[in-house]
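J.: Chains A and B supply the protein sequences, listed in that same order.
Just so we're aligned, residue 1 is where the first sequence starts under our numbering, counting upward by one.
Just so we're aligned, residue 1 is where the second sequence starts under our numbering, counting upward by one.
Honestly, I wouldn't trust all of these hints.
Intra- or inter-copy, both count: the list cannot distinguish identical chains.
Cut-off 25 Å, straight-line C-alpha distance, at most; resulting in silico cross-link-like pairs (DSS-like, lysine-lysine) [what the hints assert, rightly or not]: (1) K293 with K75; (2) K323 with K43; (3) K323 with K123; (4) K75 with K323; (5) K9 with K346; (6) K293 with K346; (7) K51 with K130; (8) K75 with K123; (9) K107 with K123; (10) K43 with K343; (11) K323 with K346; (12) K43 with K75; (13) K224 with K346.
Since the hints were derived computationally from the structure, they do not count as laboratory data.
Number of protein chains: 2
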Amino acid sequence: MAIRYELIKECKQSGARLGRIHTPHGTIDTPIFMPVGTQATVKTMSPEELKEMDAQIILSNTYHLFLRPGHEIVKEAGGLHSFMNWDRAILTDSGGFQVFSLSQLRKITEEGVSFRSHLSGEKLFIGPEKAMEIQNALGSDIMMAFDECPPYPAEREYVEASTERTYRWAKRCIAAHQRPDEQALFGIVQGGMFRDLRERSARQLVDLDLPGYAVGGLSVGEPKELMYEVLSYTTPLLPKDKPRYLMGVGSPDALIQGAIYGIDMFDCVLPTRIARNGTTMTSQGRLVIRNAKFARDFTPLDPNCDCYTCRNYTRAYLRHLIKADETLGIRLTSYHNLYFLLKLMKQVRRAIQEDRLLDFQNEFMLQYYGSLTPQTAF
Amino acid sequence: MAIRYELIKECKQSGARLGRIHTPHGTIDTPIFMPVGTQATVKTMSPEELKEMDAQIILSNTYHLFLRPGHEIVKEAGGLHSFMNWDRAILTDSGGFQVFSLSQLRKITEEGVSFRSHLSGEKLFIGPEKAMEIQNALGSDIMMAFDECPPYPAEREYVEASTERTYRWAKRCIAAHQRPDEQALFGIVQGGMFRDLRERSARQLVDLDLPGYAVGGLSVGEPKELMYEVLSYTTPLLPKDKPRYLMGVGSPDALIQGAIYGIDMFDCVLPTRIARNGTTMTSQGRLVIRNAKFARDFTPLDPNCDCYTCRNYTRAYLRHLIKADETLGIRLTSYHNLYFLLKLMKQVRRAIQEDRLLDFQNEFMLQYYGSLTPQTAF
Numbered sequence: 001m002a003i004r005y006e007l008i009k010e011c012k013q014s015g016a017r018l019g020r021i022h023t024p025h026g027t028i029d030t031p032i033f034m035p036v037g038t039q040a041t042v043k044t045m046s047p048e049e050l051k052e053m054d055a056q057i058i059l060s061n062t063y064h065l066f067l068r069p070g071h072e073i074v075k076e077a078g079g080l081h082s083f084m085n086w087d088r089a090i091l092t093d094s095g096g097f098q099v100f101s102l103s104q105l106r107k108i109t110e111e112g113v114s115f116r117s118h119l120s121g122e123k124l125f126i127g128p129e130k131a132m133e134i135q136n137a138l139g140s141d142i143m144m145a146f147d148e149c150p151p152y153p154a155e156r157e158y159v160e161a162s163t164e165r166t167y168r169w170a171k172r173c174i175a176a177h178q179r180p181d182e183q184a185l186f187g188i189v190q191g192g193m194f195r196d197l198r199e200r201s202a203r204q205l206v207d208l209d210l211p212g213y214a215v216g217g218l219s220v221g222e223p224k225e226l227m228y229e230v231l232s233y234t235t236p237l238l239p240k241d242k243p244r245y246l247m248g249v250g251s252p253d254a255l256i257q258g259a260i261y262g263i264d265m266f267d268c269v270l271p272t273r274i275a276r277n278g279t280t281m282t283s284q285g286r287l288v289i290r291n292a293k294f295a296r297d298f299t300p301l302d303p304n305c306d307c308y309t310c311r312n313y314t315r316a317y318l319r320h321l322i323k324a325d326e327t328l329g330i331r332l333t334s335y336h337n338l339y340f341l342l343k344l345m346k347q348v349r350r351a352i353q354e355d356r357l358l359d360f361q362n363e364f365m366l367q368y369y370g371s372l373t374p375q376t377a378f
Numbered sequence: 001m002a003i004r005y006e007l008i009k010e011c012k013q014s015g016a017r018l019g020r021i022h023t024p025h026g027t028i029d030t031p032i033f034m035p036v037g038t039q040a041t042v043k044t045m046s047p048e049e050l051k052e053m054d055a056q057i058i059l060s061n062t063y064h065l066f067l068r069p070g071h072e073i074v075k076e077a078g079g080l081h082s083f084m085n086w087d088r089a090i091l092t093d094s095g096g097f098q099v100f101s102l103s104q105l106r107k108i109t110e111e112g113v114s115f116r117s118h119l120s121g122e123k124l125f126i127g128p129e130k131a132m133e134i135q136n137a138l139g140s141d142i143m144m145a146f147d148e149c150p151p152y153p154a155e156r157e158y159v160e161a162s163t164e165r166t167y168r169w170a171k172r173c174i175a176a177h178q179r180p181d182e183q184a185l186f187g188i189v190q191g192g193m194f195r196d197l198r199e200r201s202a203r204q205l206v207d208l209d210l211p212g213y214a215v216g217g218l219s220v221g222e223p224k225e226l227m228y229e230v231l232s233y234t235t236p237l238l239p240k241d242k243p244r245y246l247m248g249v250g251s252p253d254a255l256i257q258g259a260i261y262g263i264d265m266f267d268c269v270l271p272t273r274i275a276r277n278g279t280t281m282t283s284q285g286r287l288v289i290r291n292a293k294f295a296r297d298f299t300p301l302d303p304n305c306d307c308y309t310c311r312n313y314t315r316a317y318l319r320h321l322i323k324a325d326e327t328l329g330i331r332l333t334s335y336h337n338l339y340f341l342l343k344l345m346k347q348v349r350r351a352i353q354e355d356r357l358l359d360f361q362n363e364f365m366l367q368y369y370g371s372l373t374p375q376t377a378f
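Kindly generate the complete structure, drawing on both the sequences and the hints.
T.: Below you can see the structure in the form of structure tokens.
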């Protein structure tokens with residue numbers, strides 16, 4: 001097996017669990033947040049900076065790397081770790097989500113998905129076998145099975161057919177996977193917002209005895225309550241001795257709530273995406289650094305943060321850089337936001353260790369959102 | 001005096017000199033190249049990275065900081081060093097060049113220049129007193145006298161009147177300068193391409209006994225031979241016991257030739273500007289990393305370079321990042337180009353020490369340009 005999940009302890013106050021994932025590129029403390037490096041780089045960050053903020057695993061996008069520079073080039077470079085100079089763990093997604101959300105003129109058949117590149121317009125095809133070929137070439141520590149992520153809302157009939165196909169695709173992924181001893185293949189539970197479909201999907205995939213499982217098809221526009229409802233009945237169906245990954249989730253409240261439902265891994269572009277617009281996450285809640293009121297504010301972005309940005313720069317300087325479209329501004333806000341979420345997950349792990357994750361959740365929610373039930377997106 | 005120039009030795013093979021400038025923020029080895037941090041940041045670089053590459057002094061632009069964030073805010077932050085977290089030396093230009101090249105609807109009178117901000121359209125004014133007020137607020141180690149930089153080509157009559165006014169403005173700058181013990185004010189020799197006007201300007205400014213002198217009005221579109229001709233008769237008119245600064249020059253050939261004419265300081269946006277387009281300076285000459293031939297080139301950008309970029313990344317990866325518009329690509333090429341010029345100046349200083357700058361020039365020109373008389377711009 002390429003990876004091994006070690007369950008350290010379960011929280012006595014919630015469904016959360018403290019664990020470790022041993023990978024060919026180091027050990028990951030879970031629950032963990034994975035910064036997203038779509039195009040073989042976490043936007044604006046160097047590998048050294050990611051290590052400095054204690055990122056243990058990053059995610060990269062199969063669809064993007066397939067299109068550019070092409071997986072063959074990455075393979076020739078010695079794989080993605082070598083190509084991008086990152087010697088810690090990497091998870092690659094399946095390409096499924098991006099094929100559906102980014103490409104043009106896509107056509108889904110049992111075989112896979114035909115589409116036009118959103119970059120060149122070129123006609124391309126990805127199916128389960130191709131997704132495995134690409135990820136085997138990239139050499140990620142954790143690969144994702146090729147799936148379809150149904151939109152929200154979607155008719156039951158559509159979701160059922162799609163989920164069944166995702167299951168058939170998962171079996172083809174297993175058959176096509178060339179490096180199971182070096183790369184762990186995770187299955188993705190789909191089923192939309194339908195409990196019985198989720199249950200069937202989970203049961204089918206668990207029967208395949210894969211080294212880990214993701215809950216997919218959430219955070220696609222549905223209300224958060226609905227996402228939590230699906231999580232509440234889906235996570236318990238997943239094996240305790242394997243890691244569980246909630247895809248595309250990165251708002252502070254959802255990271256904590258996801259951990260409470262027993263999720264071990266999360267990824268999201270949120271921290272770096274909002275950083276590019278000058279929006280930051282601080283111990284006092286969200287802070288939009290562009291605001292005029294920070295023009296003469298010579299205090300750190302977050303007085304309770306000890307990250308590189310907060311130790312060295314003021315709000316006034318960050319505001320100036322962002323307003324002046326200077327890259328350093330985006331570097332500094334990206335650094336801070338990633339640091340904030342990685343630190344949040346450390347706090348979550350400590351709270352699990354101390355059997356007080358629900359208490360921590362209440363404290364954090366009041367501090368960050370000013371409410372136990374936030375109405376904002378993040 | 002805010003700064004002190006120490007002449008270490010003169011090259012026996014050329015007019016070059018080895019020296020040191022002692023400033024309130026550290027000592028600078030000359031001849032030196034100054035990276036440009038227009039908006040209180042050297043584009044894409046952190047202060048730590050600039051130190052790592054041994055940048056001893058950077059330049060920042062008075063005009064830009066006056067417009068945004070405004071010099072009063074920088075002053076409240078404790079000055080530019082504190083605002084941008086840079087504790088080494090800073091030189092600020094006078095604002096003159098940018099007022100003429102960037103602003104709109106400018107009108108020059110004896111008093112100064114009225115113009116509209118290229119950012120907001122706001123009506124603004126900078127004259128000698130204002131330029132001093134701004135630079136005193138910024139707190140740079142070296143300030144430049146407010147001048148007009150005549151275009152090329154220009155009629156003798158225009159250049160003569162302009163150069164005389166620049167001289168009168170220099171006297172007003174001296175009178176308005178509030179912090180001569182902490183900030184050194186340099187004069188700028190103008191005179192266009194007219195030898196007698198250059199001589200008169202140099203004589204007049206030298207009589208003012210300023211702590212340093214710049215040669216301005218060069219590298220404004222004239223042929224390089226003409227620039228060298230002006231340098232050849234202007235530099236000898238400047239005092240030996242004070243630093244000499246050639247403004248806006250940063251191509252490798254001109255840095256070496258300028259040093260040969262006795263110049264101590266240079267600045268230019270060239271290394272960072274071309275880096276953003278994927279153009280790099282290497283020991284083998286210019287290299288455009290976007291070129292398709294580098295798609296599968298897994299060697300360092302410059303095999304003879306030991307900078308961070310060349311130690312850690314391949315041409316294939318850099319090409320991918322630049323093609324994918326990823327900021328890290330620009331960071332890595334900017335880092336390399338700045339490192340390259342700072343290292344070139346180290347080599348120039350060593351050659352002066354060894355009385356062989358002309359030999360070094362020949363070796364470098366053949367290696368980099370493949371010719372002793374390059375036909376390219378840089």
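J.: My question is about K323 and K346: at a cut-off of 25 Å on alpha-carbon distance, are they close within one copy, between copies, both, or neither?
T.: Neither way: K323 and K346 sit 32 Å apart in one copy and 36 Å across, limit 25 Å.
J.: Between copies, within a copy, both or neither: which fits K51 and K130 at Cα up to 25 Å?
T.: The answer is neither: 32 Å in one copy and 46 Å across copies each exceed 25 Å.
J.: Should K107 paired with K123 be assigned to within, between, both, or neither, using CA atoms and 25 Å as the limit?
T.: within (11 Å within a copy, 57 Å between copies)
J.: Is the C-alpha distance from K323 to K43 at most 25 Å within one copy, between copies, in both cases, or in neither?
T.: both (19 Å within a copy, 14 Å between copies)
J.: If the cutoff is 25 Å on CA atoms, where do K224 and K346 land: within, between, both or neither? Let me know, please.
T.: within (23 Å within a copy, 59 Å between copies)
J.: With identical chains, the pair K293 and K75 could be close in the same copy or across copies; at 25 Å between alpha carbons, which is it: within, between, both, or neither?
T.: between (49 Å within a copy, 17 Å between copies)
J.: How would you classify K75 and K123 at a CA-CA limit of 25 Å: within, between, both, or neither?
T.: Classified as within: same-chain Cα gap 22 Å, cross-chain 57 Å, threshold 25 Å.
J.: Indicate which option fits the pair K323, K123 if close means a Cα-Cα distance not exceeding 25 Å: within, between, both or neither.
T.: The answer is between: 20 Å across copies meets 25 Å, while 40 Å in one copy does not.
J.: At most 25 Å between C-alpha atoms: does K293 with K346 qualify within a copy, between copies, both, or neither?
T.: Classified as neither; 32 Å inside a copy, 45 Å across copies.
J.: Within, between, both or neither: how does the pair K75, K323 come out at a Cα-Cα threshold of 25 Å?
T.: For K75 and K323, the Cα distance is within 25 Å only across copies (19 Å; inside one copy 40 Å).
J.: Have a look at K43 and K75 and pick one of within, between, both or neither, based on CA distance no larger than 25 Å.
T.: within (22 Å within a copy, 32 Å between copies)
J.: How would you label the pair K9, K346 (within, between, both, or neither) given a Cα cut-off of 25 Å?
T.: Close inside one copy (15 Å), not across copies (57 Å); limit 25 Å.
Going through the hint list in order, the structure does not satisfy hints 6, 7 and 11.
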